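Protein sequence lines correspond, in order, to chains A and B. Counting from 1 along the first sequence, just add 4 to a position and that's the residue number in the numbering used here. Counting from 1 along the second sequence, just add 3 to a position and that's the residue number in the numbering used here.
Hints are computed from structural coordinates only; laboratory data are not their basis. One thing to keep in mind: the hints can contain errors.
What the hints assert, rightly or not - Straight-line C-alpha distance at most 25 Å; calculated SDA-like pairs for lysine to any residue: (1) B:251 <-> A:264; (2) A:256 <-> B:474; (3) B:509 <-> B:463; (4) B:50 <-> A:182; (5) B:393 <-> B:26; (6) B:251 <-> A:81; (7) B:251 <-> A:289; (8) A:259 <-> B:232; (9) B:351 <-> B:370; (10) B:509 <-> A:121; (11) A:259 <-> B:475; (12) B:50 <-> A:317; (13) B:251 <-> A:294; (14) B:258 <-> B:141; (15) B:509 <-> A:84; (16) B:279 <-> B:427; (17) A:259 <-> B:463; (18) A:259 <-> B:509; (19) A:259 <-> B:89; (20) B:258 <-> A:259; (21) B:393 <-> B:483; (22) B:251 <-> A:84; (23) B:182 <-> A:110.
What the hints assert, rightly or not - Stretch by stretch, here's where chain A covers chain B in the computed footprint (C-beta under 8 Å, at least three residues): (24) 166–174; (25) 263–274.
Predicted model, so just to flag it, every value in this text is computed and none were measured. Don't be surprised by glycine CBs; every beta carbon is placed ideally from N, CA and C.
Each chain is listed here by its residues.
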Amino acid sequence: MTQSDNNRSSQPTIGQVLDERGVSRRRFMKFCTAMASLMAMPPMMTSALAQNLRQARRPSVIYMPFQECTGCLESLTRSFSPSIENLLFDTISLDYNHTLFAAAGTAAEAARHEAMEANWGEYILIVDGSIPQGAGGVYGTSAGESFVDQLRHAADGAAAILCVGTCASFGGIPYANPNPTGAVPVSEIIHDRPIINVSGCPPIPAVMTGTIVHYLTTGGVPDLDKYGRPSVFYGQSIHDRCYRRRFYDEGKFAKSFDDEGARNGWCLYELGCRGPTTYNACATVKWNEGTSFPIESGHGCIGCSEPNFWDQGGFYEPVTSKLFEDRGQIGGAAAAGVALGAASAYAASRRKKKRSETAGEEESS
Amino acid sequence: MSSETVVVDPVTRIEGHLRIEAETENGQITQALSSGTMVRGLEIILKDRDPRDAWAFAQRICGVCTLVHGIASVRAVENALSYEIPANAQLIRNLMIGAQFVHDHVMHFYHLHALDWVDVVSALDADPVGTSELAQSISDYRRSSPGHFRDVQRRVRELVESGQLGIFAKGYWGHPGYKLPAEANLMAVAHYLDALEWQREVAKLHTIFGGKNPHPNFLVGGAPVGISVNEGAGGGGATAVNRGGLEKVREIIGKMQQFVDQVYVPDTLAIASFYKDWFKPGHGEGIGNFMCYGDFPEDGTDDVSKLLVPRGVILDRDLSQIHPMDLDAEDEIQEFVSHSWYNYSAGKDAGLHPYAGETELAYDGPEPPFDHLDPASTYSWLKAPRWRGKAMEVGPLARVLMLYASGHEQTRDLAGMALGKLDLPIEAMFSTMGRVAARTLETKIFADMMPTWFDNLMGNINSGDVSTFNDRLWEPGSWPKQARGVGFMEAPRGALAHWVVIENEKIANYQAVVPSTWNASPRDPEGQSGPYEASLKGHSLHDAEQPLEILRTIHSFDPCLACAVHVQDSESEDLVKVNIT
Chain A
5 MTQSDNNRSS QPTIGQVLDE RGVSRRRFMK FCTAMASLMA MPPMMTSALA QNLRQARRPS
65 VIYMPFQECT GCLESLTRSF SPSIENLLFD TISLDYNHTL FAAAGTAAEA ARHEAMEANW
125 GEYILIVDGS IPQGAGGVYG TSAGESFVDQ LRHAADGAAA ILCVGTCASF GGIPYANPNP
185 TGAVPVSEII HDRPIINVSG CPPIPAVMTG TIVHYLTTGG VPDLDKYGRP SVFYGQSIHD
245 RCYRRRFYDE GKFAKSFDDE GARNGWCLYE LGCRGPTTYN ACATVKWNEG TSFPIESGHG
305 CIGCSEPNFW DQGGFYEPVT SKLFEDRGQI GGAAAAGVAL GAASAYAASR RKKKRSETAG
365 EEESS
Chain B
4 MSSETVVVDP VTRIEGHLRI EAETENGQIT QALSSGTMVR GLEIILKDRD PRDAWAFAQR
64 ICGVCTLVHG IASVRAVENA LSYEIPANAQ LIRNLMIGAQ FVHDHVMHFY HLHALDWVDV
124 VSALDADPVG TSELAQSISD YRRSSPGHFR DVQRRVRELV ESGQLGIFAK GYWGHPGYKL
184 PAEANLMAVA HYLDALEWQR EVAKLHTIFG GKNPHPNFLV GGAPVGISVN EGAGGGGATA
244 VNRGGLEKVR EIIGKMQQFV DQVYVPDTLA IASFYKDWFK PGHGEGIGNF MCYGDFPEDG
304 TDDVSKLLVP RGVILDRDLS QIHPMDLDAE DEIQEFVSHS WYNYSAGKDA GLHPYAGETE
364 LAYDGPEPPF DHLDPASTYS WLKAPRWRGK AMEVGPLARV LMLYASGHEQ TRDLAGMALG
424 KLDLPIEAMF STMGRVAART LETKIFADMM PTWFDNLMGN INSGDVSTFN DRLWEPGSWP
484 KQARGVGFME APRGALAHWV VIENEKIANY QAVVPSTWNA SPRDPEGQSG PYEASLKGHS
544 LHDAEQPLEI LRTIHSFDPC LACAVHVQDS ESEDLVKVNI T
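Bound-form chain A, shown alone:
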């Protein structure tokens, strides 16, 4: 079996495949409704979505890994709806992915290049990881080529680029101070292609698949925030949607990871939670089919979907009001709520400080 035929017109549409596989219209519409709702589309979009999905041929996707840890791809495999199997078999043609590809070396490179040529100008490029520009690109090579050169070439033929993870989106951990390898995000190298940043370390699976499906169904880049992220997923702070928000507003804070407040689900602000300055869907979509999310499992948000989150102080220091203001995104009633909460949090942290100073003398338990 070779990759003989990339003739797009002979390929069945997703609708045909679903019909052949006996997927009922009802089940399919249910999937589309769930997707539309996840992406906060108006109800009438459901049928448009269904129509587009059924007609689309499996578009070519080239997934390139650079300075990465494979956590993003692992996260993608945790997607429930659509599942990775459905993506691979029914929705996209994943014409290159390092982690899952059967062939290796020369054959894998040939498959990637052939798919790129056959779909030149039309494929979606997914980039995972930052790109080291230092020392002429020697800090990252594959097939003997530097990552920088590989990215430039792959981007040339891409219709759009999806940066999965904070490394590809904003530089991520390799970019953290002092950035020893000259790592940069995709947007610092590629300027002439639409770029969608799907940040997170890793991103939420449904946010990745939701963005992919949105692009495929509408053929366009979704509404993006100032960091190039789909507003529908990154439009609200974790804090504003957190199930513990009311405790913040009431000034009830866990003081330690294992006190009564922690067990009662009180706000983790004083333990360093960055929910107030972090924009992502963790508090609404949650993780692993809605099982939990970091705050629900007792650890503050570390802010992993934000640029430079590695360099914004310790993960256990309360976020300062300065960071709130810097965002410039909290307005109106939300801002008032934050101001109120922040005031009580500040008072609480003063109390804590005072207490720990006293405790220091008494040798606390």
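Given the coordinates of chain A, assemble chain B onto it according to the supplied hints.
Frame of chain A, contents of chain B only:
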């Protein structure tokens, strides 16, 4: 005599960026070169950070074995500070590590390794009724009806006929090295898909205790999650670890055991029975030295005698003797850079213990794009770790041999069962397929331990002990001015340790020596190869254009290259020197 250098770059179906070059004479590998081709310099990034934050940075070394560097990191800091953690936190960590093993090994077998042994296209020729009979003859697994296999076959056929083969494009289908009957190939393809579905479910154990997977959260001093079994101010279930969450953990453990018993173990034995050649010498036996740091403490990690997986070293395949090893001894674990793109102040041939390690990125390889690397020169971003000067294999085979040699009863029984079914002696384990089998056997051992850890956790909770965190040393002001410690564990890919030096509440030095650095290491100053390089020697390649044999042996180690190009010390100056040849 025809000589040829076979290059495999990228090695796919692994974590990270690995390049293999194999020199062949008449199709047989005479020597091999293993190169890690990506570096991030996390060591330098960790310097001067809060040691309590280090786990989050270290965890991003790898998102596949997503938990291991987080655990090694919190253990290193706790060891440095003599910081004890509550029993419940230890049990939660054991459960999370156990879940990582089961999840990771199953995914490795089906999604990273199976396609070296399973011909996907051949599955199209299978009779689904025959596949069903085969499946039912080896297991009680419920998804074994002819209809199920017919559906899977149709799905694969549609993909092939669409002409868009995706991840299966240009695979080595039809290579004579594939030995499974069509029916067995179809069964394995079905289980490839089932395992994708299963892993999504069982990853939820990490989500309950750690908030998400990949990259769940950890905490120096315990576990971050409060146990919320009583009706709290936030209502029942104020945290994810409530009655419902704990019941879910119990269910997940059941699903893990079931899949391992009904699918993973029988599939491994069935597939291995068609590849008995790969249990023989000349098929990936490697270096013959094995090392474990040990893991799964009954209480804390300080008492090495109470570990489920024992610590020790086996030399020259001699299972009659386990040599003791010491992570702190300066003449035991050392790292060398004679063939790596780093410099040491004491010169290229020096060996340094992790506490005294140095970092100086010093690339002097060819300018990209390049065709070849030079085994006589420097050729990798990996250092070469050695134990008392010897190369060591770490990982599932090392652990199973260590458990076997130390007389662990279940290991002896399982090894006896597996080798008995295959009619092979214990020496057959020193091979590519031995490594595959060892991974499966240890998965069963760890999966079977999980109910005990869970019951112990529930026992504590039900008797009123819900403590998960010790706040005694949380505030950095309570720490000594200087402290250093080592956090060790057994990661799915092998022995892992992080060494940390803390000065004035900050990280002064951080060093990790990780499993794939041991296994994928380049040559040392004595010219000794690491396990990958050694294990490839002697392989005969049927077709250099389709290096299936190389992939089989390299994948049997489960490479994790982002890990291998590891976190190093940050004590020395952050020199970056590049001299492109």
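We went through each hint and held it up to the structure:
Proximity of residue 251 (chain B) to residue 264 (chain A) is assessed by CA-CA distance (about 23 Å); at most 25 Å being required, the pair is judged to hold. A distance of roughly 20 Å separates the Cα atoms of residue 256 (chain A) and residue 474 (chain B); the hinted pair therefore holds under the 25 Å criterion. At roughly 35 Å between alpha-carbon atoms, residue 509 (chain B) and residue 463 (chain B) are farther apart than 25 Å, so this suggested pair is violated. Only pairs whose Cα atoms come within 25 Å are accepted, and residue 50 (chain B) paired with residue 182 (chain A) is accepted, the gap being roughly 10 Å.
Our distance criterion of 25 Å between C-alpha atoms is met by residue 393 (chain B) and residue 26 (chain B), whose separation comes to about 24 Å. For the hint pairing residue 251 (chain B) with residue 81 (chain A), the CA-to-CA distance comes to about 21 Å; that is within 25 Å, so the pair holds. Our distance criterion of 25 Å between C-alpha atoms is met by residue 251 (chain B) and residue 289 (chain A), whose separation comes to about 19 Å. Our distance criterion of 25 Å between C-alpha atoms is met by residue 259 (chain A) and residue 232 (chain B), whose separation comes to about 19 Å.
Restraint check for residue 351 (chain B) and residue 370 (chain B): the C-alpha separation of about 21 Å stays at or below 25 Å, so the hint holds. Our distance criterion of 25 Å between C-alpha atoms is broken by residue 509 (chain B) and residue 121 (chain A), whose separation comes to about 51 Å. Taking the CA atoms of residue 259 (chain A) and residue 475 (chain B), the gap is near 13 Å; set against the 25 Å cutoff, the hint holds. Pair hint residue 50 (chain B) plus residue 317 (chain A) holds up; C-alpha atoms about 13 Å apart against a cutoff of 25 Å.
Taken as a hint, the residue 251 (chain B) and residue 294 (chain A) pair is honoured in the structure, with Cα atoms around 13 Å apart against an allowance of 25 Å. Note on residue 258 (chain B) and residue 141 (chain B): the hinted pairing holds, with a Cα-Cα distance of about 19 Å set against a maximum of 25 Å. A C-alpha spacing of about 41 Å is found between residue 509 (chain B) and residue 84 (chain A), which places the hinted pair above 25 Å, so the restraint is violated. Pair hint residue 279 (chain B) plus residue 427 (chain B) holds up; C-alpha atoms about 9 Å apart against a cutoff of 25 Å.
Note on residue 259 (chain A) and residue 463 (chain B): the hinted pairing holds, with a Cα-Cα distance of about 24 Å set against a maximum of 25 Å. The hinted pair formed by residue 259 (chain A) and residue 509 (chain B) meets the criterion: a straight-line CA distance of about 23 Å does not exceed 25 Å. Proposed proximity of residue 259 (chain A) and residue 89 (chain B) is supported: the alpha carbons are some 18 Å apart, at most 25 Å. As the CA atoms of residue 258 (chain B) and residue 259 (chain A) are separated by approximately 37 Å, the hinted pair breaks the 25 Å bound.
For the suggested pair residue 393 (chain B) and residue 483 (chain B), the alpha carbons sit about 36 Å apart, so the restraint of at most 25 Å is broken. A hinted pair counts as satisfied when its Cα atoms are at most 25 Å apart, and residue 251 (chain B) with residue 84 (chain A) qualifies at roughly 17 Å. Straight-line distance between C-alpha atoms of residue 182 (chain B) and residue 110 (chain A) comes to about 24 Å, which keeps the hinted pair within the 25 Å bound. Counting residues of the region 166–174 of chain B whose CB falls under 8 Å from any CB of chain A gives 9; the rule of at least 3 is met.
Closer than 8 Å: that is the beta-carbon criterion, and the region 263–274 of chain B has 0 residues meeting it against chain A, so the requirement of 3 is violated.
Checked against the numbered hints above, the structure breaks hints 3, 10, 15, 20, 21, 25 and satisfies the rest.
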